[in-house]
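Peer 1: Spelled out, the chains give:
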Amino acid sequence: MTFTDTNTLLLVVSGVCVAAASGLIGSFLILRRMTLLSDALSHVALPGIALGVIFKFEPLVGGLLFLFLSIFLIWGIEHRTKLAIESITGVLFVTALAVGSLLIEEHDLLEAFFGNVETISSARAVIQTVLAIIVLVVTTLFFKRLVLVSVAPELTLAEKIRPSRMELLLLTLIALTISIGISFVGVLLMSALTIIPAATARNISKNLKGYISLSIIFAIIGLIGGIFIAKTYAINSGVATVLISTSLFIVSLFWKRD
Amino acid sequence: MKKEKSPLLSVKDLSVSFGNSTIPVLKNISFDVNTHEALAIVGPNGSGKSVLLKTLLGAIPRSAGIIAWKENINIGYLPQRFQVDHYLPMTVKEFLSLKQLPRYSLQEIAELVKAKTDWLGKNLAHLSGGELQKTLLAWAIFDKPDILLFDEPTENVDVANQESIYALLHQLQDTLGVALVIVSHDIGIVYRYADNVLCLNHDMLCYGNPKETLTAKTLTDLYGTHTLIHDHQSHKNYDIH
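Chains as they are written, first to last, in my numbering: chain A, 1 to 258; chain B, 1 to 241.
For the record, the hints were derived by calculation from the structure and aren't laboratory data. Mixed in with the good hints, there may be bad ones.
Claimed, not checked - Derived DSS-like pairs: lysine-lysine, alpha-carbon spacing no greater than 27 Å straight-line:
| hint | chain 1 | residue 1 | chain 2 | residue 2 |
| --- | --- | --- | --- | --- |
| 1 | B | Lys-211 | A | Lys-144 |
| 2 | B | Lys-93 | A | Lys-209 |
| 3 | B | Lys-93 | B | Lys-217 |
| 4 | B | Lys-211 | A | Lys-209 |
| 5 | B | Lys-114 | A | Lys-206 |
| 6 | A | Lys-160 | B | Lys-116 |
| 7 | B | Lys-99 | A | Lys-209 |
| 8 | A | Lys-82 | B | Lys-211 |
| 9 | A | Lys-206 | B | Lys-116 |
| 10 | B | Lys-12 | B | Lys-93 |
| 11 | A | Lys-206 | B | Lys-99 |
| 12 | B | Lys-114 | B | Lys-144 |
| 13 | B | Lys-217 | A | Lys-160 |
| 14 | B | Lys-70 | A | Lys-160 |
| 15 | B | Lys-93 | B | Lys-122 |
| 16 | A | Lys-206 | B | Lys-93 |
| 17 | B | Lys-70 | B | Lys-217 |
| 18 | A | Lys-209 | B | Lys-12 |
| 19 | B | Lys-27 | A | Lys-144 |
| 20 | A | Lys-144 | B | Lys-217 |
| 21 | B | Lys-12 | B | Lys-70 |
| 22 | B | Lys-99 | B | Lys-116 |
| 23 | B | Lys-93 | B | Lys-114 |
| 24 | A | Lys-160 | B | Lys-99 |
| 25 | B | Lys-144 | A | Lys-160 |
| 26 | B | Lys-116 | A | Lys-144 |
| 27 | A | Lys-206 | A | Lys-144 |
| 28 | A | Lys-160 | A | Lys-209 |
| 29 | B | Lys-12 | A | Lys-144 |
| 30 | B | Lys-27 | B | Lys-54 |
| 31 | B | Lys-70 | B | Lys-54 |
| 32 | A | Lys-144 | A | Lys-160 |
| 33 | A | Lys-82 | A | Lys-144 |
| 34 | B | Lys-114 | A | Lys-144 |
| 35 | A | Lys-144 | B | Lys-54 |
| 36 | B | Lys-211 | A | Lys-160 |
| 37 | B | Lys-122 | B | Lys-54 |
| 38 | B | Lys-144 | B | Lys-70 |
| 39 | B | Lys-122 | A | Lys-206 |
Could you build all of it, start to finish, from the sequences and the hints given here?
Peer 2: This is how it looks when you write it as structure tokens:
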């Protein structure tokens, strides 16, 4: 793999932006104890990806539409029934997985499950980069409120912050992040980009700034390393990213932060 | 104490019910809170004290009555329970930096709550009960509120530190001119620091100056037939039959 090739360079730039967004959003998922949400929610994109493959439009767009539809469903059902978000996601994700598997052919199904950097077109890489930058900018703009709602929702009562709106914003950012990450690592391995880097960062961080910065850095190392291995050794990029991220996590377990 | 004409908070005939229940959690509650005033809310567990504070903040809808806050009032609130994840990587300084519109510097806020010099750099998860309460107090006054609503401010603090938290609150009330609404189980504290007390057991059983209002009969009506009350300052017990 050479970075002088424009397509590869574009892929790497897109990978860095997508990984940074995933690491940032992943750190919020850990803070909010919603670690399985991104994993489960990523499966919801499958029917949308399938429709993209069948009707020849960008699968990323199909996945994104289904993710948005599901987060509004999750948010609406949660506020009507007070069921936990993860319970509602549990119902939706198995349904989506079943519907998606019915619609999509086996070859495309494997690609959707584990990702494939070879199929990322320049156009898709550009869309992914733009969406990743949007996630990074919006999260930065609402950073204080998102952190407060995540770590101390009780304190928002007098702060003129509506927790339900912040929850919807976070769900939207999660959906955007998943939609741009699944081309690299697939719907089954999305937590390699969100949860594992954040969990690794938390193992070794003493403060919030270090935690979030390291989560982003570990996600970038995992994904760019995964792309490099996929391009060099013809190994699936999702699988390579998981193995790199997990290796970093194992090392972090032996790190004493105090 | 000089009182302004319009109170900071005026509550009239407030009632709250949950769902389709016909039994109200709060029934016909009325009181005022004026500038610099400390109002204590007392009552047994499950009497609706926390519900009252959350209703005042608009987090729980009222079924009837009026809640009138002074225009553009800045409210500080500290909840009964504040759980910190033991693995939360966040210093006190980072936590306080989450405040939207702070009116003091971090150094000033540390001095106001009489915190030790290393407090700002400590991890939130490693604070003692007293330090955590000081941190929450710092959070609550960081944007210079006109009124502070405290839901049992010393619930997770050991007995030795409880008095110092109340003394600090009282001092902040004088220094900052902030009004206080405090839910407390400690009747001794109420006698010493509160200008007014509201006895709550779903209904409003009393409202007024503690020394005049909190009679043995009122306390018996409020807490049951046999009540033992401990005053931390005098170390006396009040045994009420």
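Peer 1: For B:Lys-70 and B:Lys-54, compute the direct alpha-carbon distance and say whether it is at most 27 Å.
Peer 2: Since the Cα atoms of B:Lys-70 and B:Lys-54 sit roughly 17 Å apart, the hinted pair holds (cutoff 27 Å).
Peer 1: Hint check: B:Lys-12 vs B:Lys-93, CA-CA at most 27 Å. Holds or violated?
Peer 2: Given that 27 Å is the threshold and the Cα spacing comes to 40 Å, the pair is violated.
Peer 1: Taking 27 Å as the top limit, are the C-alpha atoms of B:Lys-12 and A:Lys-144 close enough?
Peer 2: Cα-Cα ~36 Å, so violated.
Peer 1: Could you grab the alpha-carbon distance between A:Lys-144 and B:Lys-217 and see if it respects the 27 Å cut-off?
Peer 2: Given pair A:Lys-144, B:Lys-217 is violated - Cα atoms ~49 Å apart, limit 27 Å.
Peer 1: Verify the proposed pairing of A:Lys-206 with B:Lys-116, using a straight-line Cα cut of 27 Å.
Peer 2: Holds, because 20 Å separates the two Cα atoms, which is no more than 27 Å.
Peer 1: Taken at face value, is the distance from the CA of B:Lys-144 to the CA of B:Lys-114 at most 27 Å?
Peer 2: Judged against 27 Å, a Cα distance of about 16 Å means the pair holds.
Peer 1: Is B:Lys-93 close enough to B:Lys-217, meaning Cα to Cα at most 27 Å?
Peer 2: Given that 27 Å is the threshold and the Cα spacing comes to 47 Å, the pair is violated.
Peer 1: Below or equal to 27 Å on CA atoms is what counts here, so check B:Lys-93 against A:Lys-209.
Peer 2: Roughly 11 Å separates the two Cα atoms, so the pair holds.
Peer 1: Given the hint that B:Lys-217 pairs with A:Lys-160, does the C-alpha gap stay at or below 27 Å?
Peer 2: violated (41 Å)
Peer 1: CA of A:Lys-82 to CA of B:Lys-211, is that 27 Å or under?
Peer 2: violated (44 Å)
Peer 1: Compare the distance between the alpha carbons of B:Lys-211 and A:Lys-144 with 27 Å, and conclude whether the hinted pair is satisfied.
Peer 2: Violated, at roughly 44 Å.
Peer 1: Check whether the Cα positions of A:Lys-206 and B:Lys-93 lie no farther apart than 27 Å.
Peer 2: holds (13 Å)
The earlier numbered hints that this structure contradicts are 1, 3, 4, 6, 8, 10, 13, 17, 18, 19, 20, 29, 36, 37.
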